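Trainee: Chain residues, written in single-letter form:
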Amino acid sequence: MTALLTILVLVCIAIAIWQLVKIFDLAQVGKSNDQIATDKDNAINGYLMMGFLAFIYIITIWSVVELGDLPLLSNAASEHGAQIDNLMVISLAVIFIVQIITQFLLHYFAYKYKGEKGKTALFYADNNTLEFIWTVIPVVVLSGLIIYGLFTWNTIMNVSEDDDPIVVELYAQQFSWKARYGGADNTLGKANVRLIDIDRANILGVDESDPNAQDDVIVSEVHLPVGRPVLFKIRSQDVLHSAYMPHFRAQMNCVPGMVTQFGFTPTITTAEMRQTPDMIDKVAKINKIRAEKSEELIAKGEQPLERYEFDYLILCNKICGKSHYNMQMNIIVETQEEFDAWMKEQKTFKNSLIN
Amino acid sequence: MSAHADTHEAHAEHHHKETFMTKYIFSMDHKMIAKQYLITGTLMGIIGVIMSLMFRIQIAWPEEPNVIFEALLGKWAPGGVMDADIYLALVTIHGTIMVFFVLTAGLSGTFSNLLIPLQIGARDMASGFLNMVSYWLFFISSVIMLISLFVEAGPAAAGWTIYPPLSALPMAQGGSGMGMTLWLISMAIFIASSLLGSLNYIVTVINMRTKGMSMTRLPLTIWAFFVTAIIGVVSFPVLLSAALLLIMDRSFGTSFFLSDIFIQGEVLHYQGGSPVLFEHLFWFLGHPEVYIVILPAMGIVSEIMAANSRKPIFGYRAMIASILAIAFLSTIVWGHHMFVSGMNPFLGSVFTFTTLLIAIPSAVKAFNWITTIWKGNIQMNPAMVFSIGFVSTFITGGLTGIILGDSALDINVHDTYFVIAHFHLVMGISAIYGMFAGIYHWYPKMFGRMMNKNLGYIHFWITAISAYGVFFPMHFIGMAGLPRRYYTNSTFPLFDDLANTNVIITVFALIGGAAQLIYLYNFFTSMFYGKRAVKNPWKSTTLEWTTEVKHIHGNWKGDIPHVYRWPYDYSKPGHDVDFVPQNVPLKEGEEELQH
Ligand code: HEM
Ligand SMILES: [Cu+2]
Ligand SMILES: [Cu+2]
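Line by line, the protein sequences are chains G and Z. Just so you know, UniProt numbering puts 109 at position 109 of the first sequence, and the rest follows in order with no gaps. Just so you know, UniProt numbering puts 172 at position 172 of the second sequence, and the rest follows in order with no gaps.
Bound-form chain Z, shown alone (with noise of 0.2 Å):
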């Protein structure tokens, strides 16, 4: 272990002369990647939420000829009214952006990039080529899934769960074509950077950790991180298997997922597959990965949480257990959403079982953040509002899914908004709000400046009371059966009653997504005229605010600190201050917390 960090401190004396292209673009640095994956995050984040306030007008003002549609839309918008194929695009597009390249290589990628190193005494990651080979195969993937939009048949347009035949047969929908093939492309090489990276997470956790940094002393942040890239690692290859299959399917004649199809007056050839097992494998990776997203997000709020609260974490060993068995249950839930697809009712009975099981460890954590903050001394920084926001509506988002986990209950909202309201509130709401909570919280880390608190502030409430005003009313409009993924709901005058609803929920949406403006301003003049940051602003506990703020490769001059304690040793009595960092050794007499 020590010999190995010599050599690291020797490697990093070598690198005083970089040049432009490995300090910025090629960089082997764990800092500047944790950058890139955050930067290119954002700006395909800019392009999920504009696609999806495009969508949304639709479905307030629907057919309504729309100068926005005409200027962005071109040929799919003849006249400035927004065509049937390019609403399910759009709405694709946007699923597809949101979930994997913001939530899973924009938060996971930054944040695991940043602090796993920092956090636990590593100079760098276990091998920093790897991770510069990931980083540049996710900004690949984002390249081409970005290529689809301009295909001419357009862009992928089956939903993001891309369920065949739809997404097999070119006949059945134009984005099927060129459009699917690109995101499939894109998405294969996803995986890949996704693999690698999480890999490199597990390793760098397990064999570097600093002396006495052992793993009832890490923080709950590479806690989650590293059980997250341990999820991905084993369940992001049974997507890369379903999308192997698909692709014979597409274009080698194969039947995995294709049985007896008549479309367009003909009969294809596809004998005995099952679109079913595509939907098994797709959810085999597709629950899981909304656990990948949270999960990141939980670690980053409890962490804040507790530095801002002054106070240890709650229940540090039950936030520990709580995060595996989320990690162990969520592998065996994937059926809760295949109660309809035609599956075995019996297996039904079981996912019922197992889904609402996963709501056990999750109260859990909701309750230990609640005790977090109770008696603390609370600092209401931009991170730590955002950590508040992310309980709230984890909370409203999580409970719903008692509705949707009860098969019986799902036979009815089952693909309607309620759906739509339940997986933004829990996981794409929250996890955003993680994700805002970790850039102001470790902004100063990143960029050595500070982000002005009072745009912080304004950008948290418009957007806390946005995400409501969309989010919440869709759960009603669910449960009156309004199905998800309609282009218009004009052709059912059933729903009528609705229409209303719907432009405040597309009002809302637009001014969420304008506060969203506050933010990039200031993310971005920040890092050249933010005020300068101090080494420690937040007072905290954990390593990474024991190195310079200014970057260097290798993160600390001489030797990599020691760790004494826990990282949550906040208002402990018995010190002068009101937190004590892990590498400060315990006192005469000090007991370390039998937490």
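Chain G on its own, in the form it takes in the complex (with noise of 0.2 Å):
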């Protein structure tokens, strides 16, 4: 079915191009066809410069409004988050500004200076105080926004032990998840994949002779305390992957070989999360798509989509085989009390051995 619309899209397009064409060449009739533009050519192409701006204004407009109040661009989860929100919200405001200045002066000039006979080009070979201004303005501009995010990103790396963070391991491995908690110590076990016993159920490589080891709890769903800070040391099996948490702007790559860090601190329980304005209403447009589509797949027979509801999210976001698209873990942050509940729960990595 969609294949076939592809080809009536194509075969439409074709047609339409050949038309173009005949309406274009017809345009030229008697005239001298020597391939070399004329007065009317430069005329109807600086008038196309007008509309390709016009253009680009709309698309622009057009993909601010439709696609640009998604929640992940205001509400970020975590402390640093509304920073990097900030300095990308400055940072866009002075790439529109510049943007649309720019595009304008060119598409204008286009239209305004389009060639036509008997005219004579200005010859204007340099200019220095005008070099000297815009090469000063970047350099101003683009200081601030050094100087802002070098701060931003300083404050964001440096995770310091001072502040007492929840400690847990994040584990990747083609496709799938798993987090590690360092029990009542706080302190991970030694790890490393050669110690893998599949048999024993030691799935990550956890030294059973370590004393930290003990206590260890291993997930595959990772919850939070809010407001804590949590000290993420990441590591991975097989392949590169990364650690990509957008709704806490948090990324870091998974090495084989090496635990890489992130930490962060969450600001917004998963409940909380869930009753905000912003995330109700994308939710609801989310479901409303999702049961469209189920009415689809009831008419072939086939099991519906279930509904939506928000989760945060970690994504796999390095390229890392097969199901790379599909390599996921929910992260549920919640009062410490949950929390403390929740942990209660899980069993120690002492207990989780099979002897």
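It is worth saying that the hints were derived from the structure and are not from the lab. It cannot be assumed that every hint is accurate.
[Stated by the list, open to error] Some chain Z residues flagged as far from chain G (calculated, every beta-carbon gap over 10 Å):
#1 Ile-39
#2 Leu-169
#3 Pro-537
[Stated by the list, open to error] Restricting the straight-line Cα-Cα distance to at most 20 Å, the calculated cross-link-like pairs of lysine to aspartate or glutamate (EDC-like) are:
#4 Lys-375(Z) <-> Asp-126(G)
#5 Lys-285(G) <-> Glu-296(G)
#6 Lys-282(G) <-> Asp-497(Z)
Note that this is a predicted model, so its numbers are computed, not measured. By construction, the Cβ of each residue, glycine as well, lies at the ideal position given by its N, Cα and C atoms.
Once you've looked at the hints, go ahead and assemble the two chains, each given alone in its own frame, into the complex.
Mentor: Set out below in structure tokens:
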């Protein structure tokens, strides 16, 4: 069905193009045809340049209105996320302003100075003042952005142990995630993939002889207490992956043979996030789309889609093989009490081993 | 210098009886080699674009059967549904072909070969033989890359960046077996080809300029090709070493890039290597590579804008300075691809700084182009509209570099569609526009005939609209967090509201792809049926237009013209015509402008 549609669209386009060529060619009849632009070509293309400028503005406005109010750009769920968003909004504003002005000048000049017989161009080869000005303006603007950016980067990447972060290991493998908590001592036991023992269910290669490892807790869903800094220690057992947590504006690659890290402080619990007006809208929109899709599926005799409910996610964002597109794990942000209650139910490493 | 020219003339005399083989196949003539590069690049481009259309269809209508897939992908699309592995392979080969085969070899190879001797006033390249070898190595590497599409376990599928361990371990991915071996062999040969070509360009520009052609009288095209060749010589060997080390890891059990790996139930022996090292080596080439792609396009566009605005290029010296600044800075920014790779955050700060610095010369160039057309007498030839299009997409794409180059912001958009949008606009589309502009402009020089201008206009306008239609919305789905290299987004309900946008993007891509058929038709039929070209159809000042329309070995029948002025004397007051070719001596009392 789609194939047919695709072919149909292609055929229509081909016909449209053929017609366009004929129109252009007809407009040429009787003219000398040496394939060099005439005044008329200059005029037509000059007008088209202005049209194209309008098109650029329209697609920009359309994108901002239709696609720009994504919750992912405004409601960061981590402390540093707000800073990133702020910097992002400032950078975007600078970019939009420069974009609108320069595109205007470019296309407007192309239209305004379109060639005509008998006109002469201005012989204007150089102007040091002008060039100085447009070297300095970018320097100043970029300096501002660099300083703000580096400041933000440093606060994000400097995770201080003084803040007493809860340490969580993220463990990536083709194509799933695991997480490990340090247990009561908040200290992860040593680990290396060489110690993996599938038969004994030691799937992360945790060192069984390390005293710190005994109370570690291994889970396949991350829970985080709200307001408390978390420090992720990130490992991979096979290829590169990337732990991407867009709602927290967090990302770090998972590198086999190396432990990488990323820290942040979650500020909004999952339950609270679900209640924000933006999120309610978004979820409603998505569920409407899913409902429509489900009807189609049911008509075809297939299973309908499940309703969507919001959850924080960790996605894999570094190409890692066949199922790279489906490597995800939920993150639940909750109150300290809820977190403690959840943690109590988990098995410790020592008890999870099969002897 | 003059003795050299004489031997070449004598040489030219001897070459009247050429066989088909020496004229068209194993030609040592730079003009023929340029055409060979162009045709090969075009064929590779067709394949690369078809691949992108296929995976775009998959993204828009995920996992739906499609007769096109069934026909083209065979066993990789059982029942017409595209397989997830082949999706990644298509993305990988598309990227590889587009960046290296089309926009490095196809663009630089074509125009450096065609224009360097013609514009500096030389009879041929410094070494015609090496030039021929360079082309044939490129040809062989193209063939190997295409053969890799047909191996049993599939072609390389680890992304065009082929990060290990994924690219090193056949058990991690089917494409990392024979497919990746062929990819690496192909690229090693490609690099050899590129190095031979670059050395030849450098030597030719330094040694073989005609009398009077000082470095500050070189057209900006030549400056761009020259500096591009230098960047290539500096950075390609690093990729070659990365490829060789990867081959060692794959086949000889070394551990340069691998350590502590447990896969499919077994621990591998590798210890002590680091994938991050590979990333450094790769991007040490990879970033300069984007300038290898864009600088020749910038040179071409500068030349065409001046000629068609009938005005000197604005700020000739600033343009050269910015080419040099870009070239230098391009070798110290590679780390901006690695902000979240696990490298030391302090390094990230350094790379943020250098990266935002490179925005400055780029901005200067954009402003200078805009000033060049200001108060011009703009001749809207197809080459000119593509050049204006180039400046437009270069600005749109370049501006988002400010976000990606900022380490703090990159955390959240790294490896999302935001990146796809950015680099396609700033490098992919811009460079392709530069290439089209060059083809429309120098077609009369290459084939002695004119391309149809109306087809050229239609080609441009449909392409221009589709390019924005495809890549502009991608910024926004990227900011919404959609990762690249995903076979389908249907496993994330979170992204369901982006599905419509993805359909729109694909429709634009299909329209844009179809528009290229117009171009291909124009390109191939004009060779035989196009209007015959005159000697200097665009009334340009540079030396290539002083040669005869019909190609001869050695380029100029008589002496090589001498050069008396810079290449941008358009609309110079005190002359009757609005262009003064470089080989016209200064008039009595005329000043060579202090540009
Ligand atoms: C017909 C026009 C084109 C379309 C529709 C297109 C589309 C795409 C898309 C959607 C991706 C991302 C796929 C993914 O990450 O899942 C991609 C990747 C890529 N494209 Fe294009 N592209 C086009 C032309 C070009 C051009 C002209 C270049 C030249 C620079 C290029 C270079 C690349 C590269 C380097 C990648 C990355 C491949 C990778 O992820 O390994 N593309 N293309
Ligand atoms: Cu993964
Ligand atoms: Cu780069």
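Trainee: It remains to establish, for every hint, whether it holds in the given structure.
Mentor: Hints and how they fare:
No beta-carbon of chain G is positioned within 10 Å of the beta-carbon of Ile-39(Z); the least distance is around 21 Å. A beta-carbon of chain G is positioned within 10 Å of the beta-carbon of Leu-169(Z); the least distance is around 7 Å. The claim that Pro-537(Z) is not at the interface with chain G is violated, since a C-beta of that chain comes within 10 Å of its own (minimum 6 Å). Between Lys-375(Z) and Asp-126(G), the direct Cα distance comes to roughly 14 Å. Compliance with the 20 Å bound is thereby established for this hinted pair.
Proposed proximity of Lys-285(G) and Glu-296(G) is supported: the alpha carbons are some 17 Å apart, at most 20 Å. Distance check on the hinted pair: Lys-282(G) and Asp-497(Z) sit about 8 Å apart at the alpha-carbon level, within 20 Å; holds.
Going through the hint list in order, the structure does not satisfy hints 2, 3.
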